[in-house]
Structure formats: structure tokens, C-alpha cells
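Student: Spelled out, the chains give:
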Amino acid sequence: MKIIQLIKKLTLIDFIKGFIVTLKAFFRRKVTVQYPEVKTPLSPRFRGKLALMRYDNGEERCIACKLCSAVCPAQAITIESEERTDGSRRTVKFDIDAFKCIYCGFCEEACPVDSIVETNIFEYHMTENQQRIQTKEMLLATGDQYRDQTIENKKKDSRYR
Amino acid sequence: MKELLTSFLSFLDPQWINLIWSLFQIAIVTVCLILTVVFLVYFERKVIGYMHSRVGPNRVGPKGTLQSIADTIKLLLKEVIIPDKADRFFFLLSPLLLLIPALAAWAVVPFSPEFIIADINAGLLYLLALTSFGVYGVILAGWASNSKYAFLGSMRAAAQMVAYEIAMGFALVGVLMAGGSLKLGEIVAAQSGGVLSWFWIPLFPLFIVYFISGIAETNRHPFDLAEGEAEIVAGFHVEYSGIGFAIFFLAEYINMALISVLTSILFLGGWESFFAGISFLETSGFSFLTEPSLFWLLLKTLFFLFVFIWLRASFPRYRYDQLMSLGWKVLIPITILWIGVECVMYVMQIGPWSV
Ligand code: SF4
Ligand code: SF4
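Chains as they are written, first to last, in my numbering: chain A, 1094 to 1254; chain B, 8 to 362.
Simulated from the structure, these hints should not be mistaken for laboratory data.
Take these hints with a grain of salt, some might be off.
[Said to hold, decoys possible] BS3-like, lysine-lysine: derived pairs with alpha carbons at most 25 Å apart:
| no. | chain 1 | residue 1 | chain 2 | residue 2 |
| --- | --- | --- | --- | --- |
| 1 | A | 1095 | B | 81 |
| 2 | A | 1110 | B | 336 |
| 3 | B | 53 | B | 70 |
| 4 | A | 1102 | B | 336 |
| 5 | A | 1142 | A | 1110 |
| 6 | B | 53 | A | 1117 |
| 7 | A | 1117 | B | 70 |
| 8 | A | 1132 | B | 70 |
| 9 | B | 53 | A | 1123 |
| 10 | A | 1142 | A | 1123 |
| 11 | B | 336 | A | 1101 |
| 12 | B | 81 | B | 70 |
[Unchecked claim] The calculated label-pair distances, taken between Cβ atoms and stated as ranges, are:
| no. | chain 1 | residue 1 | chain 2 | residue 2 | range |
| --- | --- | --- | --- | --- | --- |
| 13 | B | 187 | A | 1128 | 58 to 66 Å |
| 14 | B | 87 | A | 1127 | 33 to 41 Å |
| 15 | B | 202 | A | 1125 | 54 to 62 Å |
| 16 | B | 76 | A | 1198 | 40 to 48 Å |
| 17 | A | 1125 | B | 87 | 32 to 40 Å |
| 18 | B | 14 | A | 1127 | 52 to 60 Å |
The C-beta atom is built at its ideal place from N, Cα and C for all residues, glycine as well.
Isolated chain B, as found in the complex (with noise of 0.2 Å):
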């Protein structure tokens, strides 16, 4: 692609045709993501209905395919209502704090080796200081709508990412022993080949306590105490309406894309397929089956997605004081326990890492 934008470009400078190109991903990137959102909200009530025994979303276009886009629209025609005593600057600003991070996270994902955005090499801290700045979008929202409720909601959330950012950064620090690098694309490399020299195996407590941490982060059910409906009406965007709504929709869908993409790449393997290192299926007329390529990526992040949803579907929400000591008193030590003995294991040669 970048190939041919060059050839056709050829009269400008390189620097150019390398603005261009990134203006061009990320666009491309910026409208996948949307449509994922758009598919993901379909696709998450359609499966909770399903695990309702409902059949979900059926009446707006063929099997209820359009219902997403019909609430969108629904969403964008309604009335903006800012509240009287509202701080209006921040009341408006606090939906993009909380998007902007969430959009701009994605500069540091691969897709696969050649396209990734921003290819920097300090991309696993980027991603962790990007992930924790959307909290302030969140408290933001709640401090500035001047409600008793938003408030509530806000300081449950802020109390929450501090404690479960601290989980997932331990668990990014075994990650980043056992890849070598902080560079996404190093540590899916340094995991090439079959389901086997994944990290989920030498890592398996942390890639538990990595998911379960990013569903916190993302505020999403069962850890979702920001929103907490039966005790605080809706948490912290309580007094946003409309398009202001939508927003804080889009980014908290947009996170858990983030969240799944990242445990699929992390911890099994990105692009990798499942089936690598199978020398049957490479030598006979499968060989497409052991390549790696988007799809595998695409496969393992729609997994993790159902997960999300899944549990959703099945779990009742968490006590404040529960979530707290599940935080501090169970995902904390076990990262810290891991981490020395992925020491041990690395001192002793063991794992995929022994080099």
C-alpha cells in the first residue's frame, strides 16, 4: 500500500508522503474502530439476549443488523441538556478527555508487522499512561455535572483505575521480561510460532489478572461500580444526554476493543496462528492456515470481546469493598508472586525466553 502511495506520490518529498500516509492510517484506523463499535453494540445485545434464552435485536433491517445505526442516529438527534449549575467548560470537555485517550491509544497497536501507526519504541508505557488519563475524563464529568450522583460515580472510578492500573502495570512488567521489548511488534515476534510459545502459558496468572484489571479499567460489568445503576442511577455521565452520551458510549466500546486487542497480543500471540508450527498442515495444502495474518488478530480480539460480554451476561456486580480487596489483596500479590518466579525461571532457563 505505502508502495504504491509512494509511486503515485513521487513528485513530493518523502517526509510527505509520510505525513500522508500516516494521516491515511489513521483514518483508516478511526473509521474500523466506529464500525467496530457499531457492530460490537449489536453484537453485545444480541448475545446477551441469546444467553437470556431472548433472541435480542430483530426488528430494524434484516435480523436487527440496523439497530445499532437507528440508535445512533436516535442518540444524535435527541437534545443536548446541560445542567444549570454545571461548569459548562468541563461539563463539554470531559467526553473528549475520555475519548481522545481511547482513539489515541490505537497509534501503537500493530496489525499486523508493517501497519502500525506510530511504531515508537516506548509503546507498552504509552499505552499504560494513555489507558489511565481516561479516568480523568471520568472524574471530570462527575465533578463538573455538580451531582450528587455523577459525583459518587466518579470517585468510585477514580478509586478503582488507581487501584487496578497498579495490577495491570505488574502485569505488563512480566510481559515486558518475557518479550524483551517495550515495542508491541517485538513481543508478538518474540512469541512466534503455535498456540505453545504464547506467553498465556509461562504467564498464565498474569494474563488472568491482565484481563480481569482491563475490564476494571474499562469500567465494564462486573466491575462497572462507576455506573452502578441500582445505587447511583447511572454514575457519573447521569446528567449527560444526547450526543454527549454517545460519547462516553463510543470510548467505553472503544476501550474494550483496546483492552482485547492488547490481551490478544500480549499474551497469545497477535497476528500469530493458532495453528504455526504444525509441519502437516504446512506441508500439505494448508500452508495459509500456519501464516500469520490479520485474521488471527481479529479472531482472538472478537473472542475476548464475547468474553466482555459473557461476562456481563453472567455476573452480578461487585461490592465496593469486595472490588477493593479483589484489587489490592488478590491481583496485586499474585502479579508481584509471578514476577518472582518468572525471575527464578529466567535464572533457571526456563520458558520460551531462555535465550
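Next comes chain A alone, as it looks inside the complex (with noise of 0.2 Å):
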């Protein structure tokens, strides 16, 4: 055994192997994808920035039931509520700090009235460190952008919940 092991090493066969590897690596097809320019494609159920929507003749849908914050993991939304004159109860302020959100979508299961969603938005940026809170404005804008890709997305992965 040990003559076998000594003749391994001398012979450096054990590198050589390590060698062909990499040797083989190097001329393989490479998986880069460049990506600003190619994008990977995104599942439906991509879980990314978070939005406030609304139903077709333009009402918010938030009915201010705080499940959403209730089950949220990260204690990231802040809800503050109030009666409207027509009687029904809406929020007044409906904050989310996105760095404190770690996009698990429990929000958006819990929500009974299919208020609060996930886009599949991934690449957004702020400048300034408060922007981190989306305040109930800046969630509806972007429910208002994107709506109709979401609504596609949910679409596509409701055959599957």
C-alpha cells in the first residue's frame, strides 16, 4: 500500500487529474449571461418590490385589516387607520421600510382583499437613506405602474395555489 502511494505521489498523478479538470473547464461553453444587456428569465411567483393595488374603477383596495403587518416576519409595515365619511375604514398611513423586508410574501397571502402584492421588480435603487420607507403614495404609484404585469404574473401562478 504505502509503495503504491508513494509511486501516486512521486508520479504526481493526483495533480495531473487536477490539471485535466480545469483543462476541460477552460474549453467548456461559458454560462455568463451578460447581464444588464441578456436577463435570465423570471418565474411568475418572483418575489420583488412590493406594491399597493387597485381595483378597476380606481379605489384602493387596503381595507386596513393589518393582517399584513400582523404577520409579517420582519415587522416592516406600519399601519395607521382611520373612518372615512363614507363610512368604510382605509388607512392613513400605510409605511413600509424596505430594508427591514426580506420578501417573504406573507404579506401577500394574508391579505384578504389582494391589496398588497409583489411585483417581480428586482432592480430598484434609492439615493437617500429615507427613501427605504415606501410610504403608502409611493406603493400605489407602483402598483399603478406595473399593474398590469402583476396582474398577468398572478394570473399565471394562480393554477398553482
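Hints given; two lone chains; assemble the complex.
Tutor: Put into C-alpha cells, the structure is as follows:
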């Protein structure tokens, strides 16, 4: 046994094997995706930037039930509510701290009226620290901007839910 | 070239012409070396990228070729930070102590039978002296930074260099016996002929040992314990930023190129052609393939540089005790053994040196 090991050592067999592995990789097809120009496909279930949705008539969906803020594991959602003149309960403050959020999607699952949703936008940024607090207006604006895309994605995914 | 210079400056003393010629040669070699390093950084990143199934740098310039220029500019523009408790003088001196021997060693490297800066008799000894001088830069850098990690790194480097210096020296003894001269040019001349008459066949173990200890000497992967990112951050140059770091980088790559070019000169026949001695080629129109030229030297050097990078992409770093036992218990006994074998071959008149 010892002699075999000695021969193995002296002939550098293991080293040559290692070299061959990397040499093969050298000629393999490269898997790099040139990111900003080329993008990998996203699943419709992808959980990205949060947004608040509206009904078709433009009324906001959220009924201030606070289920989302209760379920949120990161406690990223802060809600304050008030009664409107028409007697319905609506939020006056709906803040999501984008740095606290872990994009788990529990809020979306908890929401009884499909108000809070996760779009599949992952390329966004902010330049000021305060901007990490996504206010109600910002969330509604995101919802309006990506409305069609989000609805389509949710439809695609609904078959599996 | 020299004739041109002589005729041009014929009004000067021949001494002055020699001086100017030497300075000219030094300038050429230095500039070429720095360009080589620029190329090498790009080459390394590209090759390692390919070995990881990536494409490597491809954003700056066509195919990313200007990447290393961008890196250089970035390094030059960065702030040089000298730690508060550092020994300022040695802190600034040690990068130079590493770079100067790395550059000076090229003085005796022959690029062709004519082009050599200083054709001194003790070329090989000079090389041994200068390649081991680099360790002072490393030790001083670690000591002057006044940081634990840097100090540990330089201690490791010192022990490692001492161990591998011996193996390297013994390997060179073998070459010296075979070549019968300390002049690098004459060693190449002793190997004239095709692939089969080069020293790598009779001195094969020494060839491998030399290259391995060369890697250890340059502190390259897998022997870069002096840097050891995982355990001691960046080792001896952890406190250096900006241009100080750039100089360490430069010295490392120049040393890498030096070891590659020396391995080709000492064991692979330097500027001799791969096809030399094939009469079929010599008589037909391809005689340029069999003639010795700089091209062959560069080709062999490039191959060894590729092996350096290939090693880095393939293997994990050695553990410290493994490194020591490899140096003392494997490489040195092998070289001593092979020198004995070589003596026997010499006496029995086997091999290329049986004159
Ligand atoms: S995705 Fe998860 S972490 Fe983010 S707000 Fe919703 S529940 Fe909270
Ligand atoms: S977003 Fe949905 S879950 Fe959250 S408060 Fe509004 S209605 Fe309730």
C-alpha cells in the first residue's frame, strides 16, 4: 500500500488529474449571462418590490385590516387607519421599510382583498436613506405602474395555488 | 542594433557608447516587463475565468483588454495610507526592496545570443542571490506595518523562502553540472538541438523541482501562505494601499515571469526551436521553423506563465506543515538523489554532457 502511495506521490498523478479537470472547464461553453443586456427568465412567482393595488374603478383595495402587518416576520409594515366620511375603514399611513422587508411574501398571502402584492421588479434603488420607507403613495404608484404586468403574473401563478 | 548606434555616435568614446547601449537595453527590458505585467494581469483573469466557466473581464475596451490599465489607474489614484504606528522609513522602503531585485535579476537573462544586458560569468549565482533577496522586502513589509497579520505573513514567507531556496539551489547545481557553465547563454548553447537534446529529459526531476520551488519563491498559489486570505487577510501587504500595493503586485508578476523565463532557459533550451534538427523541415521551405529565435523563448515562457495560472485555478492552498514537509522531506531529497544519479551518468558517459 505504501509503495503504491509513494508512486502516486512521485508521479504527481493527483495533480495531473486536477489539471485535466480545469483544462476541460477551460474549453467548456461559458455560462456567463451579460446581465444588463441579457436577463435570465423570471418566474411569475418571483417576489420583488412591494406594491399596493387598486380596484378597476380606482379605489384602493386595502381595508386596513392589518393582517399583513401582523404576519410580517420582519415587522416591516406600519399601518394607521381612520374612518372615512362614507363609513369605510381606510389606512392613512401605510409604510413599509424596504430594508427590513425580507421579501417573504407572507403579507401578500395574508391579505384578504389582494391589496398588497409583490411585483417582479428587483432592479430598484434609492439615493437617500429616508427613501427606504415606502409610503402609501409610493406603494400605490408602484402598483399603478406595474399593474398589468403584476396581474398577468398572478394569473399565471394562480393555477398552482 | 548596436552597430547602428556605434555608427551614429561614432564621435563618442567606445566606453560611452557601451554605457548608452546598456541604458538603452535596460529601458527596453523594463518597459517590456511592465507591459508584460499589464498583459499578465488580464491574461490571468481571463484564463481563470475560463477555467471557472465564466468569460472573465470583458467590459473595458475591446474584449476587456484595457481592464488592467483601468486597474492600474485606479491603484495609482488611491490614497496611500501609512498606519500610525508603522515604521515610516521601512514601510516605504520595503516595496522597493521587493521590486528592485525582481527587476535587477533580469540583467543576466539572455533573450537571444546577443541581447543580454550584463553577460557576467557568475550569472546563475547572481540570480540565486537576487531571487532570495526579495524575501527581505517581504519581511520588512510585515515588520514595518506593525500589524499582527502582516507580521505572521512575513514570518511564513521567510521560513518558506529558506526552505525552497535550498531545493532551488540544488536544482540549479544539476543544471550547472550539465551545462558546464554559470553563464546562462552558455547553458542554452549546451542544449542546442531539438526537443530531445534539452535538459528537461535527463534532468526531469530537477526540472519539476525547480518549477515547484520557483512557485514557492514567488509566493504564488498554491504556496501563497504569506498572503493566505482566509486566515491572515492579505498577509504581509495587508496595510498597503494605492501605489505601495501596486508595487507589490508588480514585483510578484515580474518574479513570476522571471521564473518562467528561467525555467525555459535552463531546462527547455531557451531560444532553441522545437523543430530544430528535423532535416526534413530544414531542407524544405520551412527552415525558419527550425531556427533559434526570440519567438520560441517567448512561447515557452508563456506556457509556464499559463501553468502558473492554471495551478492557481486548480488547487487549494497548502497547509503550512504540508508546505514545510514538501520542501524539506520531498524536494530536497529528490534533488540530492538526482544529483547523485547525474554524477553516475556523467561518469558512465550517458546523456548529452558526455563530452
Ligand atoms: S414580504 Fe414579508 S417581510 Fe416583506 S413586508 Fe411582506 S410580510 Fe413583511
Ligand atoms: S394590505 Fe391587505 S392585509 Fe394589509 S391592511 Fe391592507 S387589506 Fe389588510
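Student: A separate judgement is required for each hint: does it hold in the structure or not?
Tutor: Status of the hints after comparison with the structure:
{"no.": "1", "hint": "1095/A with 81/B", "result": "violated (53 Å)"}
{"no.": "2", "hint": "1110/A with 336/B", "result": "holds (23 Å)"}
{"no.": "3", "hint": "53/B with 70/B", "result": "holds (10 Å)"}
{"no.": "4", "hint": "1102/A with 336/B", "result": "holds (13 Å)"}
{"no.": "5", "hint": "1142/A with 1110/A", "result": "violated (47 Å)"}
{"no.": "6", "hint": "53/B with 1117/A", "result": "holds (15 Å)"}
{"no.": "7", "hint": "1117/A with 70/B", "result": "holds (22 Å)"}
{"no.": "8", "hint": "1132/A with 70/B", "result": "holds (20 Å)"}
{"no.": "9", "hint": "53/B with 1123/A", "result": "holds (12 Å)"}
{"no.": "10", "hint": "1142/A with 1123/A", "result": "violated (31 Å)"}
{"no.": "11", "hint": "336/B with 1101/A", "result": "holds (16 Å)"}
{"no.": "12", "hint": "81/B with 70/B", "result": "holds (19 Å)"}
{"no.": "13", "hint": "187/B with 1128/A: 58 to 66 Å", "result": "holds (59 Å)"}
{"no.": "14", "hint": "87/B with 1127/A: 33 to 41 Å", "result": "holds (36 Å)"}
{"no.": "15", "hint": "202/B with 1125/A: 54 to 62 Å", "result": "violated (38 Å)"}
{"no.": "16", "hint": "76/B with 1198/A: 40 to 48 Å", "result": "holds (46 Å)"}
{"no.": "17", "hint": "1125/A with 87/B: 32 to 40 Å", "result": "holds (35 Å)"}
{"no.": "18", "hint": "14/B with 1127/A: 52 to 60 Å", "result": "holds (56 Å)"}
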